[in-house]
Amino acid sequence: MYFVYSLISLVGLTSLAASEDYCSNKCDNGEYHTLCKFEGTSPYCKNFHHFNEIHEKSEILRFHNQLRNSFAGARANSFHPPAANMMLMYWDAELEKSALRWAQQCTASLERDDCRDLRRFKVGQNIAVLKGNITTVGQASVRALLNQWFKQWVSMEVSLLNSYNSEGADVDELTQLLWASTIRVGCADVIYSNHNDDYMIRQLVCNYGPTGNVLGQSVYLKGKPCSACPLGTSCVLKRLENLCAGDIIEQTPPPHSD
Numbered sequence: 001m002y003f004v005y006s007l008i009s010l011v012g013l014t015s016l017a018a019s020e021d022y023c024s025n026k027c028d029n030g031e032y033h034t035l036c037k038f039e040g041t042s043p044y045c046k047n048f049h050h051f052n053e054i055h056e057k058s059e060i061l062r063f064h065n066q067l068r069n070s071f072a073g074a075r076a077n078s079f080h081p082p083a084a085n086m087m088l089m090y091w092d093a094e095l096e097k098s099a100l101r102w103a104q105q106c107t108a109s110l111e112r113d114d115c116r117d118l119r120r121f122k123v124g125q126n127i128a129v130l131k132g133n134i135t136t137v138g139q140a141s142v143r144a145l146l147n148q149w150f151k152q153w154v155s156m157e158v159s160l161l162n163s164y165n166s167e168g169a170d171v172d173e174l175t176q177l178l179w180a181s182t183i184r185v186g187c188a189d190v191i192y193s194n195h196n197d198d199y200m201i202r203q204l205v206c207n208y209g210p211t212g213n214v215l216g217q218s219v220y221l222k223g224k225p226c227s228a229c230p231l232g233t234s235c236v237l238k239r240l241e242n243l244c245a246g247d248i249i250e251q252t253p254p255p256h257s258d
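Mapping to UniProt numbering: the sequence shown position 30 is 30, numbers consecutive.
It is worth saying that the hints were derived from the structure and are not from the lab.
Any given hint might turn out to be false.
Keeping only pairs whose Cα atoms sit at most 27 Å apart, straight-line, the calculated DSSO-like set for lysine-lysine is [as the list claims (entries may be wrong)]:
hint, residue 1, residue 2
1, LYS238, LYS222
2, LYS122, LYS37
3, LYS46, LYS97
4, LYS26, LYS97
5, LYS151, LYS26
6, LYS97, LYS37
7, LYS224, LYS151
8, LYS238, LYS224
9, LYS122, LYS97
10, LYS122, LYS46
11, LYS131, LYS46
12, LYS26, LYS37
13, LYS151, LYS131
14, LYS97, LYS131
15, LYS151, LYS122
16, LYS151, LYS222
Label pairs and their calculated CB-CB ranges [stated by the list, open to error]:
hint, residue 1, residue 2, range
17, GLU157, LYS97, 27 to 37 Å
18, ARG119, SER234, 21 to 31 Å
19, GLY223, HIS50, 34 to 44 Å
20, GLU59, LYS97, 17 to 27 Å
21, ASN25, ARG143, 31 to 41 Å
22, PRO43, VAL154, 39 to 49 Å
23, LYS224, LEU110, 27 to 37 Å
Glycine included, C-beta positions come from ideal geometry on N, C-alpha and C.
Make a model of the complete structure from these sequences and hints.
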């Protein structure tokens, strides 16, 4: 059941990427959308490679849902309460596309894309970076990058779950990953060399919709798992028993005004 559902959530949405004119509007900061501003891989990138295999995307999606399920059931650790409204995540081709375009700029840093929102929703973003020789970095599992975000749980205060704020410990990547109402994710895992060819850089960019980390809002509602699932969703997956799931089409968020 879980395998079938994860396959649907990963593959079924690839045909739903919105046809959008990314150059028709500017963001609030005056910038054009990344998919408008950049045409592809930057000419400054060296030895660029995109890990685009289906099993890679499946592993990324599996990590997100397993971690959300574990936190929702209060199994990840003994410090954080269970979640009553944690949603299942689905892979989103348009979010993957925009994440890749930012990764193609080879920033070699944790600097976030400053214009990435879509008509459907505002978009959150997580970035992880590994640096080293080709053997160490190139053969590393994508989980080595994802675990950079998971490890933030030791610094995440319980009070932050009730009302998110950007002050204090740096746990923004984990709170985005655990944001209960974020149901779509698309990521790009790339590798490239630095300008002097001294070392390799592995970079994972994940885009999320609707965005999490909204000031004053809760990361998730504390309570018995599945006790506050959104209307039309329920916990039906045996291996992800703490995640609310439903009809992905009905859950498509409405467009937000530009």
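Going down the list of hints, with the structure as the test:
Restraint check: the Cα-Cα separation between LYS238 and LYS222 comes to about 22 Å, which is no more than 27 Å; the hinted pair holds. Note on LYS122 and LYS37: the hinted pairing holds, with a Cα-Cα distance of about 18 Å set against a maximum of 27 Å. Proximity of LYS46 to LYS97 is assessed by CA-CA distance (about 20 Å); at most 27 Å being required, the pair is judged to hold. Between LYS26 and LYS97 the alpha-carbon distance is near 19 Å, which keeps this suggested pair within the 27 Å criterion.
For the hint pairing LYS151 with LYS26, the CA-to-CA distance comes to about 35 Å; that exceeds 27 Å, so the pair is violated. For the proposed pair LYS97 and LYS37, the alpha carbon gap of about 14 Å is at most 27 Å, so the pair holds. Between LYS224 and LYS151 the CA atoms are separated by roughly 24 Å; this keeps the pair inside 27 Å, and the hint holds. With a C-alpha separation of about 17 Å, the suggested pair LYS238 and LYS224 falls inside the 27 Å cut-off, and the hint holds.
Note on LYS122 and LYS97: the hinted pairing holds, with a Cα-Cα distance of about 15 Å set against a maximum of 27 Å. Of the supplied pair hints, the one linking LYS122 and LYS46 is violated, its CA atoms being roughly 31 Å apart against a limit of 27 Å. Using a Cα cut-off of 27 Å, the hinted pair LYS131 and LYS46 holds, with the two alpha carbons roughly 14 Å apart. With a C-alpha separation of about 10 Å, the suggested pair LYS26 and LYS37 falls inside the 27 Å cut-off, and the hint holds.
For the hint linking LYS151 to LYS131, the alpha-carbon distance of about 18 Å falls within 27 Å, and the restraint holds. Between the alpha carbons of LYS97 and LYS131 the distance comes to roughly 24 Å, so the proposed pair stays at or under 27 Å and holds. With a C-alpha separation of about 26 Å, the suggested pairing of LYS151 with LYS122 holds against the 27 Å cut-off. Taking the CA atoms of LYS151 and LYS222, the gap is near 21 Å; set against the 27 Å cutoff, the hint holds.
At about 35 Å, the beta-carbon gap between GLU157 and LYS97 stays in the expected band of 27 to 37 Å. With their beta carbons about 29 Å apart, ARG119 and SER234 fall inside the hinted range of 21 to 31 Å. A C-beta distance of roughly 40 Å is found between GLY223 and HIS50, which places it inside the suggested range of 34 to 44 Å. About 19 Å separates the C-beta atoms of GLU59 and LYS97, a value consistent with the hinted range of 17 to 27 Å.
The hinted window of 31 to 41 Å between ASN25 and ARG143 holds, with their beta carbons roughly 37 Å apart. With their beta carbons about 41 Å apart, PRO43 and VAL154 fall inside the hinted range of 39 to 49 Å. At about 36 Å, the beta-carbon gap between LYS224 and LEU110 stays in the expected band of 27 to 37 Å.
When the structure is compared with the earlier hints, violations turn up for hints 5, 10 and for no others.
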